[in-house]
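Trainee: Following the hints, complete the assembly by docking chain V onto the known chain W.
What follows is each chain in one-letter form.
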Amino acid sequence: MNETAPNRNRDIEQPLSPWQLFWRRLKSRRIAMAGGVILIFLYLVALLAGFVAPYSYDRLDTNFSFHPPIWPRLQGAHLVVPRYEQGGAVFSYHLIENDSKPLHFFVHGDKYKLFGLIPASIHLFGTGDKNYPVFLFGADQFGRDVFSRLLYGSQISLSIGIVGILLSFTFGMIIGGISGYFIGATDTVIMRLCELIMSIPALYLIISLRAAFPADMSSAKVYAMIIIILSFIGWASMARVIRGMTLSLREQQFILAARALGQSHMKIIVRHILPNTFSYVIVAATLSVPYYILGEVVLSFLGVGIQEPSASWGNMLTSAQNTEYLKNYPWLLAPGAAIFVTVLAFNFLGDGLRDAADTKS
Amino acid sequence: MWSFVLKRLLHMIPLLLGVSLLTFLLMSLAPGDYFTALSQNPQISPTTIAHLKAQYHLDKPWYVQYFYWFNSVLHGDFGYSMAYKIPATSLIFQRLWNTFLLSFFALIIAWGIAIPLGVWAAVKKDTWVDRSCSLFAFVGLSVPDVLLSLLALWFAATVHFRYFWFPVGGAQSALYDFMPPVQQFWDRAHHLILPAIVLAASDLAGIMRRMRSCLLDTLRAEYVTAARARGLGEGWVVYKHALRNAINPLLTIFGYSLAALLSGAFIVENIMAWPGLGRLTMEAFFAKDSYLVVDCVVMATALLVIGNFIADLLLAWSDPRIRLNK
Chain W
1 MNETAPNRNR DIEQPLSPWQ LFWRRLKSRR IAMAGGVILI FLYLVALLAG FVAPYSYDRL
61 DTNFSFHPPI WPRLQGAHLV VPRYEQGGAV FSYHLIENDS KPLHFFVHGD KYKLFGLIPA
121 SIHLFGTGDK NYPVFLFGAD QFGRDVFSRL LYGSQISLSI GIVGILLSFT FGMIIGGISG
181 YFIGATDTVI MRLCELIMSI PALYLIISLR AAFPADMSSA KVYAMIIIIL SFIGWASMAR
241 VIRGMTLSLR EQQFILAARA LGQSHMKIIV RHILPNTFSY VIVAATLSVP YYILGEVVLS
301 FLGVGIQEPS ASWGNMLTSA QNTEYLKNYP WLLAPGAAIF VTVLAFNFLG DGLRDAADTK
361 S
Chain V
1001 MWSFVLKRLL HMIPLLLGVS LLTFLLMSLA PGDYFTALSQ NPQISPTTIA HLKAQYHLDK
1061 PWYVQYFYWF NSVLHGDFGY SMAYKIPATS LIFQRLWNTF LLSFFALIIA WGIAIPLGVW
1121 AAVKKDTWVD RSCSLFAFVG LSVPDVLLSL LALWFAATVH FRYFWFPVGG AQSALYDFMP
1181 PVQQFWDRAH HLILPAIVLA ASDLAGIMRR MRSCLLDTLR AEYVTAARAR GLGEGWVVYK
1241 HALRNAINPL LTIFGYSLAA LLSGAFIVEN IMAWPGLGRL TMEAFFAKDS YLVVDCVVMA
1301 TALLVIGNFI ADLLLAWSDP RIRLNK
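Chains W and V supply the protein sequences, listed in that same order.
Under our numbering, the residue at position 279 of the first sequence is numbered 279, and the numbers go up by one with no gaps.
Each number in our numbering corresponds to the 1-based position in the second sequence with 1000 added.
Only chain V is shown next, with the shape it has when bound in the complex:
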């Protein structure tokens, strides 16, 4: 088990190196940099710009830049955001935390609804429950994140009751800094709900369909027939014996669903103004803050790779066969 963990962790290092190298290369292909716009400003002298460029190593070839960047990342420093004028490290981790929060709650909502619905559809196979669930899944799989986010925005903008309303965009209110801690917590939760639901909804349908087919497969197994033949109650057979085995293959799609979730979060963040990593990437992209874009892409990849790693650990923990093979 420990050698498996170690192997997977070591595997992550060349992957992240490759990702950062690829992104760096792409960013260096980009015409112009952050200072191209600054050089249009007559108040800033060319010598100042040359000086600034040298300070950020932007006057050197891309592989030298990469070396400088990599060296500072090894020291836990993600560089300096030229557009935001603050160290990138704090910026990145603050946004990463927001994206993590959004994805985490979306994950809980999606799996919390999809698993029971999938089980329900499988148990009531070929009834109206099953049919409406599969129709819902088809619609859910086809609604693009963009449309769903816009509909949520429309919902937040139009539906406005006394105690029932959703804030339109952002992660906190304008007066957040002046609130007592308890109110701060509720304020953040209030802002989180709608984006998390939107993100969860786009993920939900696929998991539900998978849960349904997994449980149906398991219910066809011979030990289920044997259990029924011995007179066990249907509930006992389904929930105690079949469900436990049917959940197993679902853990493998946990990794896939994570990738979809991060891409979905990118869209939701940009449309609903949630200050996460995806929004930061777009802001850095438009400002031509190339180091920040690289930081964001590497961070998003790390988030995905770690998520997949956790999914693998869960699978190994739940399925002894995998543990023995590795």
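Okay, chain W solo, but in the shape it has when bound:
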């Protein structure tokens, strides 16, 4: 046995760090990776929304109200955009044969600010002619391009998820750490508060929190308000779990050692206890982002969140609530499909992360 052992060990590589092991396990899960790739794509597009979108979010032309989707088609070696004509009944459009305009890339169009800073007017694609619009996902009741609004809306809807999670999880981790570390009266008070928040059905709490803010605010304020509301609800469940983990961690030897070395309580919590909960937190965060996105969607949908003309996935769906619109112009549901894809991708990634973080299996 002693003779065979060195042979077998010869090609054993350098031991991998826990993160490398984690990454390797994650890479082997194709669905999780697919979810990750979709999310990277969605966030990139959201970042470059002004450039990718052919129009501005508030560019309206009532001549194109409820225009059906227009897809460029191949004619010879060129992509061309066909033209439709309004005729017959109201908002019914007919394709005009042999009337089209070539689709150009990097065309000048509506002004926008790249990353919210750099003024620009070049768009990824377009015809450059007002009479030949490109409505990939059709137009809404004001003749605004649904595709462009979808991209601008994704800036709000997707970022609220990330910012909300960062805020509420940081908060939840620190409060949970304090609660589990100090135990006693602090713990009791914090945990009763958590129970109080968690015992109210989420949407009822969201609406009563919304009532505490004025009805009409600027877009930026509404954005901040939604994040505050969602974080106010989200920290409680996080704090409870972190508290449970802290309760067992605080009994461990390395905490005793840190205390013996005279480190302050806050430093022990932040530097020694909380990093041990990271693998759980990352998985939980990934799986919770959809709830924040949906929170924004519901608030805006009900008309108490992001207001027109600003676009968000929620307020775009509001017009789809009208059954007449819904019946005749089903492309108004496009934001719903976008929400579905995003949530699905987050669930795929979160599930993969959970399996990869679970070293027992």
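Source of the hints: derived by calculation from the structure; they are not laboratory data.
Backbone N, C-alpha and C define an ideal beta-carbon position, used for all residues, glycine too.
Any given hint might turn out to be false.
Unchecked claim - Using 20 Å as the maximum straight-line C-alpha spacing, the simulated DMTMM-like pairs for lysine to aspartate or glutamate come out as follows:
id, chain 1, residue 1, chain 2, residue 2
1, V, Lys1125, W, Asp355
2, W, Lys267, W, Glu195
3, W, Lys111, W, Glu85
4, V, Lys1007, W, Glu195
5, W, Lys130, W, Glu85
Claimed, not checked - Some, not all, of what chain V presents toward chain W, calculated at C-beta under 7 Å:
id, residue
6, Ser1020
7, Leu1147
8, Leu1153
9, Ile1306
10, Gly1307
Mentor: Quick look at chain V alone, frame taken from chain W:
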């Protein structure tokens, strides 16, 4: 057992007190009240408004308002809805009943479909049945309630056959009051079906996944191997022995699923115009009828807390270990 029940019931009192206090505080932070809009009306004199405000104690600080509200709730009176001009008590209970009806049927549909599907997927592990079930679960978990309700609305608006159609919104037809009782019953059932299915669909996937994993865990237990080794039929092993133990942990997610159900009902009610508590909350919110909002939130919380209490009772009843510990 009885001390456990009593303890849980007593625990509910400070919780509901806290919830009402929190909601009251939030509503008092809201700028303006129901009478702010009325005071714009030149036909109503400021003295009338001041008089009305005093009548509803809206001119006093919020903790005094809370005291008045709490005192009347103790007497079984939930105040007076300023926007609806009727006592809030009857309004609340009528809407609460509708929400309960919707959630209850959604619960039955969801569990009635999810449990057999989960068992089926676990028994046929790694076959196409299992795979399509887990795909379905993934999709089901990711479809937001908003989209599902809108799709149902679209379905109700477009699909319209002679005997097969769904009403678009509402809980009863316009001519409901003139119908004989039997027809009234069918009319209400007809309006209930689609919202209940939508609500159930959003809940179904999670329960199914849980049922599958619970049964798979149980099937790995040694007593299952022992039962098989003794030559018991596979059906007997799964349905008689394993399933009974696998159902137990599911009762704990009953409470969670209830919370999701109430929030889901909020969305479904608002989109499909089902006159439940969630819709009333939004109506009261927009009318700035602050007492009514507080009533709604407290009622919804009570519904959830009682549901959790029932889930705990079920668990204690089915699992003797829990009963002994408490």
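Trainee: May I ask you to test the interface hint for Leu1147(V) with respect to chain W, counting a Cβ-Cβ separation under 7 Å as satisfied?
Mentor: holds, 4 Å
Trainee: For the pair we were handed, Lys1007(V) and Glu195(W), check the Cα-Cα distance against 20 Å.
Mentor: Since the Cα atoms of Lys1007(V) and Glu195(W) sit roughly 16 Å apart, the hinted pair holds (cutoff 20 Å).
Trainee: Sort out whether Asp355(W) lies within 20 Å of Lys1125(V), counting only the CA atoms.
Mentor: Given pair Lys1125(V), Asp355(W) holds - Cα atoms ~19 Å apart, limit 20 Å.
Trainee: Given Ser1020(V) as an interface hint, is its Cβ closer than 7 Å to any Cβ of chain W?
Mentor: violated, 10 Å
Trainee: Ile1306(V) was flagged as interface toward chain W. Is the shortest Cβ-Cβ separation under 7 Å?
Mentor: It is violated, given that the least Cβ distance between Ile1306(V) and chain W is near 11 Å, above 7 Å.
Trainee: Within a Cα-Cα threshold of 20 Å, do Lys130(W) and Glu85(W) meet the stated pairing?
Mentor: holds, 14 Å
Trainee: Please check whether Leu1153(V) passes as an interface residue: C-beta within 7 Å of a C-beta belonging to chain W.
Mentor: Because about 6 Å separates Leu1153(V) from the closest Cβ in chain W, which is inside the 7 Å limit, the hint holds.
Trainee: Under the criterion of a CB-CB separation shorter than 7 Å, is Gly1307(V) in contact with chain W as hinted?
Mentor: violated, 10 Å
Trainee: With a cut-off of 20 Å on the C-alpha distance, tell me whether Lys111(W) and Glu85(W) pass.
Mentor: violated, 27 Å
Trainee: Holds or violated: Lys267(W) with Glu195(W), Cα cutoff 20 Å?
Mentor: violated, 27 Å
Of the numbered hints given earlier, the model fails hints 2, 3, 6, 9, 10; all others are met.
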